[in-house]
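Engineer: Spelled out from the first residue to the last, the chains are:
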Amino acid sequence: MTPLLQVTDLATHFFTRAGALKAVDGVSFQLAPGEVLGLVGESGSGKTVTGFSLLGLIEPPGKIVRGSVRFEGHELIGMRERDLRSIRGRRLAMVFQDPTMTLNPVLTILRQMSLALQAHKQLSNDAIRARCIEVLTLVGIPDAGSRLDAYPHEFSGGMRQRVAIAIALLHNPSLIIADEPTTALDVSVQAQILTEMRDLVRRIGTSLIWISHDLATVSSLADRIAVMYAGRIVEEGPTAQVLKQPRHPYTQGLLDSLPSRTVPGQALPHIPGMMPSLLDLPQGCSYAPRCGRADDRCSSDPALTRVDAGAFRCHHPIGLDE
Amino acid sequence: MNGATPFGRFCREFCENRVSLAAFATVLVLVSVAVFAPWVAPQNPYDLASLILADARRPPGFLGAGGYTHWLGTDAQGRDLLSAILFGLAISLRVSLTAGAIAFVLGATLGVVAAFLGGKIETLIMRVVDLQLSFPALLLALLLAAIVGQGKTGLTVALVAAQYAYFARTAHGAAIAERSKEYVEAALSVPLSVGTVVFRHILPNCLSPLIVVATIQIAHAISLEATLSFLGLGLPPTEPSLGTLISNGFPYMLSGRYWISIFPGIVLLVLIVGINLVGDQVRDQLNPRFTR
Amino acid sequence: MLGFFIQRLGQAAVVMFCTSVLVFLGVYAIGNPIDVLISPDATQEVRAELIARYGFDQPLYQQYFGFVNRLLNHDFGTSLVFNTPVTDLILNRLPATLELTLVAVLGAALLGIPLGMYAGYRPDSRSARLIMAASTIGFSVPTFWVGLVLIFTFSVTLGWLPAGSRGDTVTIFGTQWSVFTLDGWRHLLLPAVNLGLFKLSLMIRLARAGTRELMPSDTVKFARATGQSEWTVLRHHVLRLISLPLVAVFGLELGSTLAFAVVTETIYSWPGLGKLIIDSIFSLDRPVMLAYLILVTFFFIMINLLVDIAYVGLDPRLRRKSR
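Residue numbers (our numbering), protein chains in the order written: chain A, 10 to 331; chain B, 149 to 440; chain C, 149 to 471.
Everything hinted at is true.
Calculated pairs, SDA-like style, for lysine to any residue (alpha carbon to alpha carbon, straight line, at most 20 Å): (1) A:K72 x C:D366; (2) A:K130 x C:R383; (3) B:K268 x C:V162; (4) C:K369 x A:T192; (5) C:K369 x A:M110; (6) C:K369 x A:H129; (7) C:K369 x C:H384; (8) C:K369 x A:L124; (9) B:K268 x C:Q159; (10) C:K369 x A:A193; (11) A:K130 x C:T380; (12) C:K369 x A:F23; (13) A:K72 x C:S273; (14) C:K369 x A:P69; (15) C:K369 x A:R99; (16) C:K369 x A:Q127; (17) C:K369 x A:T109; (18) C:K369 x A:R89; (19) A:K72 x C:P364; (20) C:K369 x A:I73; (21) C:K369 x A:G71; (22) A:K130 x C:H384; (23) C:K369 x A:P70; (24) C:K369 x A:R91.
For the record, the hints were derived by calculation from the structure and aren't laboratory data.
Isolated chain A, as found in the complex (with noise of 0.2 Å):
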């Protein structure tokens, strides 16, 4: 089956006064329709980069240098600005971290989905208006009705972040990638809504890349885990696999971190030191310096090697090494 999308050798670097920033280096990753992809990782790790770079929408000092995004079987770079405006939105949609900054504070909930769905379709008002009492409803907003004339500081925080959900299924989209969505909202609204998101799109069937830095709330929904650091997917592959088998130490790392996983009254392990500052990559493996299992070997970049439905980089990869 084909792919719904395809990411090959994705690189986006931003140049700026102080040297190329290589925010994403090298991404390559597919998704098959209806799938959830969990991309993990610490902040500076390219993936909201890498999110924005399947849009299109990075900005100078940024680019994205290299590589193929094929999405329902059209390259994406170096599209037409128009064509692929028609895609955003309509076939390929958003969802961003902070709705209080995303949703427009002087206009009403009806005319922000107005706009967003006349991006798109030329409809009669009362068309407007009954998709978007559609979709509100869909994302469990009650009374969606008289809600629409409403502003957004007139919403809770988890209120917000569903009309900013409901706004990106406007146009049925066959992919969403959502960036950190419950990072913003308080914790008990955050369960709420990662369940409400992952029963939504297991009924609709739509593909979503669940952006995030905590492998708890990715582990609960996604299909296929991939985890990012300093610009390059490290390792990725099955959920169940990813958690109980993982072959990369950061990885590792990473879920020796979660609370859940640690005995009480214990220290709380941590990774130590720090990720690399992106102008300043160091040679070889980019995570040598903090991993306990380098050596000589890692001074050389490690290529992406496939085992069983996964893939990682790493020359001393856990239950691999000889």
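Assemble chains B and C onto chain A, guided by the hints.
Structural biologist: Chains B and C only, in chain A's frame:
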């Protein structure tokens, strides 16, 4: 080692922008020429005896009866325009900078004191300041000059009154932010007197935004003074500033004797634009939001 | 909403009251009001009559009430120079100033906002740099000097436009307006450009700063992510969002423009309020000065009120909903 001190670094970065550097140099030249006017100018325009009426309204490049060339022509009283401009520049600068300095000190003190005293006094002071800020400076200056009358005092009073409010408001805002910081509590608990805390600790930290306002206000002051003089409410005609010169030449412009107004006008323009360019650069460098 | 409006109105009334007291006391501060308001060559009979009318022989507070009473009855006294009621004088000149100021201000906004938005949208383009350079100059140059240059270039040298005074007028509702005649526009163009230049530069700079700040924001990114065109983003999102600070400054600067109308009217011999006040200052026509002061203050208070209301209208976050 150059660049080690914050001031050194500031100067270095300033020199990187060639436009503002050129502007700074130009302003410096103008100011120096104005300061040395009595020695540089070929004629003392205030010495009525040296004016030759027969030479009045002569075009630029005219060789006058005084034996020297009037490079910029002469005005209606036979004054050498170049000299008049130099002296006028000096007066314009003197009055504007004096008024500006007074406004700065007055406004900054008022703002910081208000922030410190708090309560009803603070509200009262700041209400007055706000009210004054919404009243255009020109009108205020006009009316004050009308009441106090012509002359340097009236002009200075008008200029100070029109400007102190900006400094007061900025100082107040900065002082409020500083007031709640911990080092103030620490200083007060030592215990240092309120006066010491205000003047040696808080004020220096408020200087940055105040300098920003000052750079905007200098050009404003010069422009305001010129406008008032142009309208006839500024300096007396015996001690013409650039604005007065321009005003004097206005009637002659319609009959083609453009130089009497245009040349002082160009000098004024260069001065103000130069100061604004320098001010823009200074402001950009002091702005914490523009990371480098 | 109504409560807010009433509260603001109340505040405005308080400020008007304070100003009237200040002006009233100010008249005494300049000198004996009898000398201030009555022409020095008035005869004894006229003096006696005026003293009785204005109540100069009454206690202070009674005089103040008389003063307020006269104000509310539009009685600003008689001009010392023209010997006509000040009210008539002012009403005569007001339309000229109004049309000059409005044309200047509207022109500045309608031209400045789009130019500024473009400069903020494409900050590194050549046109943007040009616009910004022009706005810096327009911002720095003193108004009166611009007037000189304009007259020199277009009237004296090129002879295209007249150098002053107002053009032909059309009478509507008993007042005269020159915006409706072609000749009126020929005379209006230079002074309006002169007066509006500063505000134009200001609008450009503000619109640019606001646009520049908004373009990398999440709101714009999100709108783009939904496939909205750049034009939609600029028109419906950016413009709406920058209109808040723009309106605030616009309103405040309106007062400043009115002040600078004084200069423009002087240069172009435009028969408006500005010229009136300058002439009055020089001829010491104090009743006119007084009336001007009160009128102007009233105007400012109104502008402030309108700006406050506009602000609440534009930013729904400021409204307190009674749901």
